[in-house]
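Just so you know, we're using UniProt numbering here: the sequence shown kicks off at 1 and counts up by one.
Hint data in this document are derived by calculation from the structure and do not stem from the laboratory.
Errors might be hidden in some of the hints.
Listed below are the simulated DSBU-like cross-link pairs for lysine-lysine, each with C-alpha atoms no more than 35 Å apart in a straight line [as the list claims (entries may be wrong)]:
id	residue 1	residue 2
1	21	32
2	136	124
3	21	175
4	134	158
5	80	134
6	175	67
7	168	124
8	134	67
9	67	27
10	168	27
11	124	158
Computed from a predicted model, the values in this text were never measured in an experiment.
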Amino acid sequence: SAPCLQVRMVGKILNIPIETKHLDLEKGEHLKPEFLKINPFHCIPTMVDDGFALWESRAIMTYLVNKYAPESSLYPKDTKARATVERWLYWDTGSLYATLFSYYIVIIEGGKPDPATATLFMDKVKLLDEALAKTKYLCGDNITLADLSVLCSISAAKGADFDFSAYKNIERWLKTL
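Please construct the entire structure, taking both the sequences and the accompanying hints into account.
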């Protein structure tokens with residue numbers, strides 16, 4: 001999933017060894033008592049670090065940078081720069097990825113995708129493209145957690161056959177990542 005990929009990317013960039021355990025959601029492995037002890041919300045990804053359990057990919061991403069690379073430009077310390085990263089993280093999870101998920105879950109469940117949801121998603125893509133016309137990366141001149149998060153959402157959308165070729169700023173941005 002895009003959220004799991006986000007966490008793995010941060011681990012790789014920061015050279016943090018991450019042990020992964022794959023759960024078969026279709027078989028309900030995320031609902032087994034041993035997993036629910038770790039994460040009663042039974043969602044993935046879930047991380048356990050020195051006995052500390054955390055879920056939600058963007059929370060895990062920020063935790064990893066804060067703990068293992070606090071000086072990293074992936075998640076800047078400056079209050080305004082960090083707020084800018086967080087704005088994009090929240091926009092991705094609450095808007096871009098949420099809309100993509102609404103579109104894609106219907107397909108996964110064997111239904112026909114809703115054209116209105118596809119249009120809504122592409123409206124968000126247009127806003128992203130317009131924002132990327134102003135900066136090299138989402139938050140300026142450096143790659144941040146925001147770029148990694150949105151990259152995974154866009155990559156998932158490409159897998160769902162969304163076409164981004166008309167969005168030159170997104171295409172440029174993807175090539176730089």
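Hints and how they fare:
About 14 Å separates the Cα atoms of residue 21 and residue 32, which keeps this hinted pair within 35 Å; it holds. As the CA atoms of residue 136 and residue 124 are separated by approximately 19 Å, the hinted pair is consistent with the 35 Å bound. A threshold of 35 Å between alpha carbons decides the hint, and for residue 21 with residue 175 the separation of about 30 Å falls inside it, so the pair holds. For the hint pairing residue 134 with residue 158, the CA-to-CA distance comes to about 23 Å; that is within 35 Å, so the pair holds.
For the hint pairing residue 80 with residue 134, the CA-to-CA distance comes to about 18 Å; that is within 35 Å, so the pair holds. Between residue 175 and residue 67 the CA atoms are separated by roughly 29 Å; this keeps the pair inside 35 Å, and the hint holds. Only pairs whose Cα atoms come within 35 Å are accepted, and residue 168 paired with residue 124 is accepted, the gap being roughly 15 Å. The suggested pairing of residue 134 with residue 67 holds, with an alpha-carbon distance near 31 Å, which does not exceed 35 Å.
A threshold of 35 Å between alpha carbons decides the hint, and for residue 67 with residue 27 the separation of about 34 Å falls inside it, so the pair holds. Pair hint residue 168 plus residue 27 does not hold up; C-alpha atoms about 41 Å apart against a cutoff of 35 Å. A threshold of 35 Å between alpha carbons decides the hint, and for residue 124 with residue 158 the separation of about 14 Å falls inside it, so the pair holds.
In the structure shown, a violation is registered for the earlier hint numbered 10 alone.
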